[in-house]
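Both chains come to you apart, so use the hints to assemble them.
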Amino acid sequence: MSTEIEHDSIAAEVLEAADHIEAEALAAAAACPAAPADASALAALPKRHTLAVLVDNEAGVLSQVSRLFSRKGYNIESLAVGPTDNLAISRMTIEVFTDDKHADLMCNQLRKLLPVHSVKLLDMDHSLRRELVLYKVNATSHDVRNEVIQIANIFRGQVIDVTSSTMTVSLIGEEGKTEAAQALLAEFGIIELVRTGMVALERGHHTIDEDTKEKGEFNYGKHVL
Amino acid sequence: MELTGSQIVMECLLEQGVDTVFGYPGGAIMPVYDALYQYGDRIQHILTAHEQGASHAADGYARSSGRVGVCFATSGPGATNLVTGIATAYMDSSPVVFITCNVNEHLIGKDSFQEVDIVGIAMPITKSTYLVRDVTQIADVMREAFAVARGGRPGPVLIDIVRNVTLDSCEFESLPVEEHAGSGRLAALLRRASHGLEAPEVDPADIEQLLEMIGAAQKPLVICGGGVVRARAEEQFREFVEMIDAPVAITVMGGGGFTSMNPLATGMIGMHGSQASNHAVDRCDLLISVGCRFSDRVGLQFNTFAQNAKIVQIDIDRAEINKNVETDHHIIGDAKVVLSLLNAQLRDARGSEGGTYNHKAWKDEVFSFPTETEYDDGNGTMTPKQVLRKMAEILPAQTVVSTDVGQHQMWAIQHFRFCHPGQLITSGGFGAMGFGLGAALGAKAANPDKTVLHITGDGSFRMNCNELSTEEHYNLPVITCIFNNGTLGMVRQWQHLIFDGRYSQTTLDRGPDFVALANAYGLPGKRITNLDELEEALTEALDLNTGYVLDIAIDSGEMARPMISAGQHVTNFLID
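Heads up: the protein sequence lines correspond to chains A and B, in order. Under my numbering, read the first sequence as residues 1 to 225, first letter to last. Under my numbering, read the second sequence as residues 226 to 801, first letter to last.
With the rest of the complex left out, here is chain B (with noise of 0.2 Å):
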């Protein structure tokens, strides 16, 4: 049938099984607003305070449904308000397919109004953009662009088409998505691959190599990757360190791709890890990284890293491997083909004579340093743990949580209980501050059955608070806590620590008043100074079932510990 470009985009996305879009639009993408406002009955569209908040939004649909997000913005300003959004879908590789449209043809390469050249920008941050020049190449490039941003290591992708090009026709015929890989430019890039469509197969030799590194070690760790949530490998991952006995550390990343309650978890790894983890990767003899990069904030000082151990990496991206720790044995591929492979070939020697293990000593050892903080609250104020607990206690066990970055990050990551992937969506590689809101409506829109709490800090809020709006007008009721000390306290923390308690800019001694904020956008608030309010207002927020807003007083002296320095090696704690 002959259709516009942009009611191929429309049917594009159905064929994906797209049924909620974000976004805003404006002059360039106007064709493509009108042909939403035709498929209106199949295609929801939510229509932000900002570009920004529906770039996270998407990301955050994305992170918590395991589903493909769909960003939509104009030309110009509207798209490279998007690159906050990208690059940190990228760097938490967030499967997020983002649609702009640039001017007409005929205006590109003149600096018309609102031109930019996103594509050019947007290259970095994304595994592939896409500038479309001609109609018939729009369902070609959507098909590619769908399947490169779910497929391998997931990943944000950009769209950028032309304004005429959306208005110009031509013949479509709708394929389904199992389809795609047969036909146009999904076809060429597949058959580049050697094995052409088909996943290739772990290769046997490096599971067995890796099976024979677990039975010489004595001391074991594993660490809990972004990888595993990504894979929605849980089960998997819970299997194979049950059977091989090991301790878990969990990166900021893989939070909810292990639970923190089972006995083997050692808690978050890195900065601002327990004494456990860092303490167990200093002493293990083998490391097992399932889906995890090493980053800066996990690996700290890269050439002391498990310096006593040999390292093992499961990553899907070949790229990461060797670089930024050396490792002694990869396998690639993704954690949940992997970990079943390695799961398979250990019940198989657990039936024959050995194959069991009991790694008793060693855990000993590890869990005889604390994996949590305690803090001291003798001082009259909530603590952020009490806070986090009281908060983990009331809300239900399947809440979806989004935070933003700072220490609130921290504090919530480190005693807040995440169990299942998708439970926790948190900007862990780029550390965008005004994320955490956005990202909580996309998490609502993908579970509108679950509790979605958004954590906060004074900071961090301020930056996108405007996205109360769109959870107002859409009924998207998202639970927002304000960890409000009245400074940027991260910074601060490291200006105490750091830069001999020199404060430059960061004592956020100004409003709004959050409470009032709340209510200008038509939704209930209440500034909280104990637990019991705490726990009532909580209760309340649950009963009305609206977006809330509790502004949550902290002593600005509370720091997220315990904290190693940038660079220093992983067991020398600046503060405990």
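Chain A with its partners taken away, still in its complex shape (with noise of 0.2 Å):
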């Protein structure tokens, strides 16, 4: 029917909420760290999710994917994407910022596309989460360069190429480490930064690919033929 007006204005709403609960919820995670929490307000609260997705290493997944977030009005915080041991599957790690019940519903939207294997939702307490990030400060003395050898250290980072003004350092880790760092050296002044995205895996013997009843479930609907 052509009287529909209203929706969509929504999804920008929650977007500023998001940031906004971001911030606080940081905020307060710091100030008191253990405060107890009922399970479902935990669940309402939107929060970093991250999805491990194996698709087809083929031309047009990738859009295909992305734009399943910006539909829904998602920004995808970070995407990260290459082939697997079996270089006809690439698996991409996609970190989300919204709450529990929109991330399943995101999952569930991209199980349904055909060059979509397999979608988890990592459990980030059980997850290993990386990150590469190139740091070039800022270095025209000798005193900042030996401090930045020092920061890169204390952060089992590297320097790894320096000239009479510059310096570039490159750190792994999850987002805590990384944003301590690029505080401190922020100090000396960032130049240009790069980020490689977060990638992911489960600790111990699970794995994205383990079949499951719900994995079944969905497959019924695509590969019933």
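Please keep in mind that the hints were generated in silico from the structure rather than gathered at the bench. Be aware that a few hints might be false.
Derived lysine-lysine pairs resembling DSSO-like cross-links, with alpha carbons at most 27 Å apart [stated by the list, open to error]:
no., chain 1, residue 1, chain 2, residue 2
1, B, K535, A, K101
2, A, K112, B, K561
3, B, K535, B, K561
4, B, K535, A, K213
5, A, K215, A, K47
6, A, K213, B, K548
7, B, K548, A, K215
8, A, K215, B, K535
9, B, K561, A, K215
10, A, K47, A, K101
11, B, K548, A, K112
12, B, K548, A, K101
13, A, K47, B, K548
14, B, K561, A, K213
Cβ-to-Cβ under 8 Å is the rule here; a few derived chain B residues that face chain A [claimed, not checked]:
no., residue
15, M348
16, S353
17, R378
18, L415
Just the calculated beta-carbon pair ranges, DEER-fashion [unchecked claim]:
no., chain 1, residue 1, chain 2, residue 2, range
19, B, S408, A, E58, 15 to 25 Å
20, B, E761, A, S63, 52 to 62 Å
21, A, E58, B, G726, 49 to 59 Å
22, B, T529, A, T212, 24 to 34 Å
23, B, C395, A, G176, 49 to 59 Å
24, B, Q623, A, R71, 39 to 49 Å
25, A, R203, B, S408, 34 to 44 Å
26, A, D104, B, G345, 20 to 30 Å
27, B, D428, A, Q158, 45 to 55 Å
Since we're looking at a predicted model, the values are computed, not measured. Where a beta carbon is used, it is the ideal one built from N, C-alpha and C, also for glycine.
Quick look at the structure:
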């Protein structure tokens, strides 16, 4: 019917609210790390979710996946993609800031796409997450260069380029580590910074490919031919 | 044998048993049409007035027959003219294969004449899209496309072939449809599924749990959704609801999945649903939804929908579970398969002790509310209900009805009688005005022996009435009934009820004279002002067996009733 008018202005509001809540949540977490909260309220709170996605290594798949996020009004925090040990299959790690319910819906929509093999919402507590960051900082004096080397060492990073006026540090870690290093390096003036995006794997023997009842249910609609 | 890409397209259509294609030629797709010329004895092509008409016709063909519809269009504007049709098919899970051609490989990406990225445009409104740049891929892609369109939850797919590929040649071996799953891309796709080529068994524990829930329920209600129609599961559905003795509310897409004449039918559910259906949703203690995705037009206010009930969702698409409404239990599977399993268990239980259900008190409660709207016929004009009842009385029971979108659509679904899947063809999810005539032509092409009725409004009909030329040329006799109230009725209704009567741009006080228009296209037509004239004209249309246009005068004050405002609680009727 051509009477649809109101919808979709909500998405923008939700995102704004999400930013706000993130700042608040981080501040609250810093102030009171062990604050008790009931599970459902926690689930409704927007937070960082990490999705692992196995897809066909084909043209157009990335745009198919990313458009699902933009359509629902989610900003992808980070997306990393590359082929797996099987060159026909790529693995994506997507980080998105939303509540549990919408993260689930997102996974469900992804699972419907034909080139998508598996989707798993990773449990943050049982996953290994790493990101590589390159920082290019001002370093015109001997003292500054020494200090940058020390910071790099403390964070187990490496200085990978040096000139008379700049140094480039590479660092691997989760956001807590890379942001802390960034705060320290900012003192000297960061000229440029680049991130690879987070990649993640589950700890232990769990894999994204595990056959579960749920996976079978999703495949049903996709594969009954 | 060595064939060109265009010939391979034709051979692949023949493999799938396709004998009718709707479309419109143009520069980029000329080689395909050249091959069609050669295959003309085996594949009938229906040339529409506009690509949009072809897209809706292929959709109507698919919905009415259960087979896959096929539609051709050229690059650029030809392809973009399909977009409304593709989205309509997607929202209503209708299996259609759209085939377009793009500019030559060396011109791609250069903003060439009639170039558009239709694969990118169609991505969010198809199950899958394919860009074919290699002639050896055509057969493989065609086979996958048909399987995907009709498999699982059906839907549209789009194949875009670059022009030079349709002229290239390669070896082609015809392969029976049953063997497609064992070769090429399709085999790779199926290997990923844990169950391989076999449909997985529905989990017996899930069936058992639902049966327990049915056993515990005092006030069960079943929703007949579009999944019942797509699965052609009307027999299994009827048996199921009769065994558990539960009232049945029918969605727009579920029309024909359960006959509205069955004493268990409570009528339509949702925004323009009956009092009985919507009160039943609110009062039931167990809601079993079969093939319904709880769109906002059904669920209205999701957090209070069926608030007193355990909700069970039976659906083929796992992504529909908990999407709009939180459910308590779900079973994934084809409606026919799941219902058959449930019925077998229910029959077994009946044989032993217990297992029979009688919910008389609950039914009395539900049916104390009206299942259909009554209209005041004191003002001398025909009411929509009178018109539709008269049509249902005169036209054969098997009549296929296509509608456009608006008030007439709601009236048709409420008051015409639908008894079997494929009988009602309507743009339920996408709500595309202008859908009806193209869809009716497709339905007639698929069902030459059935009467096809096209119910429309003056606003909707004006959008794509150009297809009268197709109707006349191919002698596809469709009876078009225009509910002519001189306004854009549904929008006007909202303006009356919600915008304090500010009728902004909804008065359609303009031409054409629809009878004269029909005549101009070489078809008979008549203006109808009373029920006797209606009966006479319908009888004449049936006798003549040609296309026919009835311009039926309806009072502009008539509303689609009842109505619940968007986002309101399901029993919060704005008008009764």
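Okay, the hints, checked on the actual structure:
1. B:K535 - A:K101: Answer holds: K535 of chain B to K101 of chain A is near 20 Å, not above 27 Å.
2. A:K112 - B:K561: With a Cα-Cα distance of about 22 Å, the restraint between K112 of chain A and K561 of chain B holds, given a limit of 27 Å.
3. B:K535 - B:K561: 22 Å, holds
4. B:K535 - A:K213: The hint holds at about 22 Å.
5. A:K215 - A:K47: With a Cα-Cα distance of about 25 Å, the restraint between K215 of chain A and K47 of chain A holds, given a limit of 27 Å.
6. A:K213 - B:K548: Satisfied, since the Cα-Cα distance of roughly 19 Å is no more than 27 Å.
7. B:K548 - A:K215: Within the cut-off at roughly 17 Å; holds.
8. A:K215 - B:K535: With Cα atoms ~24 Å apart, K215 of chain A and K535 of chain B stay inside 27 Å; holds.
9. B:K561 - A:K215: With a Cα-Cα distance of about 22 Å, the restraint between K561 of chain B and K215 of chain A holds, given a limit of 27 Å.
10. A:K47 - A:K101: 11 Å, holds
11. B:K548 - A:K112: 13 Å, holds
12. B:K548 - A:K101: 9 Å, holds
13. A:K47 - B:K548: 20 Å, holds
14. B:K561 - A:K213: With Cα atoms ~21 Å apart, K561 of chain B and K213 of chain A stay inside 27 Å; holds.
15. M348: Since chain A brings a Cβ to about 6 Å from M348 of chain B, closer than 8 Å, the hint holds.
16. S353: 5 Å, holds
17. R378: Since chain A brings a Cβ to about 5 Å from R378 of chain B, closer than 8 Å, the hint holds.
18. L415: Nearest chain A Cβ about 6 Å off; hint holds.
19. B:S408 - A:E58: 15 to 25 Å: This hint holds: roughly 19 Å between Cβ atoms.
20. B:E761 - A:S63: 52 to 62 Å: Taking Cβ atoms as reference, E761 of chain B and S63 of chain A lie about 58 Å apart, which means the hint holds.
21. A:E58 - B:G726: 49 to 59 Å: Once the Cβ atoms are compared, 55 Å apart, the range 49 to 59 Å for G726 of chain B and E58 of chain A holds.
22. B:T529 - A:T212: 24 to 34 Å: At 32 Å between Cβs, range holds.
23. B:C395 - A:G176: 49 to 59 Å: 56 Å, holds
24. B:Q623 - A:R71: 39 to 49 Å: Hint holds: Cβ distance 41 Å, inside 39 to 49 Å.
25. A:R203 - B:S408: 34 to 44 Å: For S408 of chain B against R203 of chain A, whose Cβ atoms are near 40 Å apart, the range 34 to 44 Å holds.
26. A:D104 - B:G345: 20 to 30 Å: 27 Å, holds
27. B:D428 - A:Q158: 45 to 55 Å: Between D428 of chain B and Q158 of chain A, where Cβ atoms are some 52 Å apart, the hint holds.
Violation of the numbered hints given earlier is absent; every hint is satisfied by the structure.
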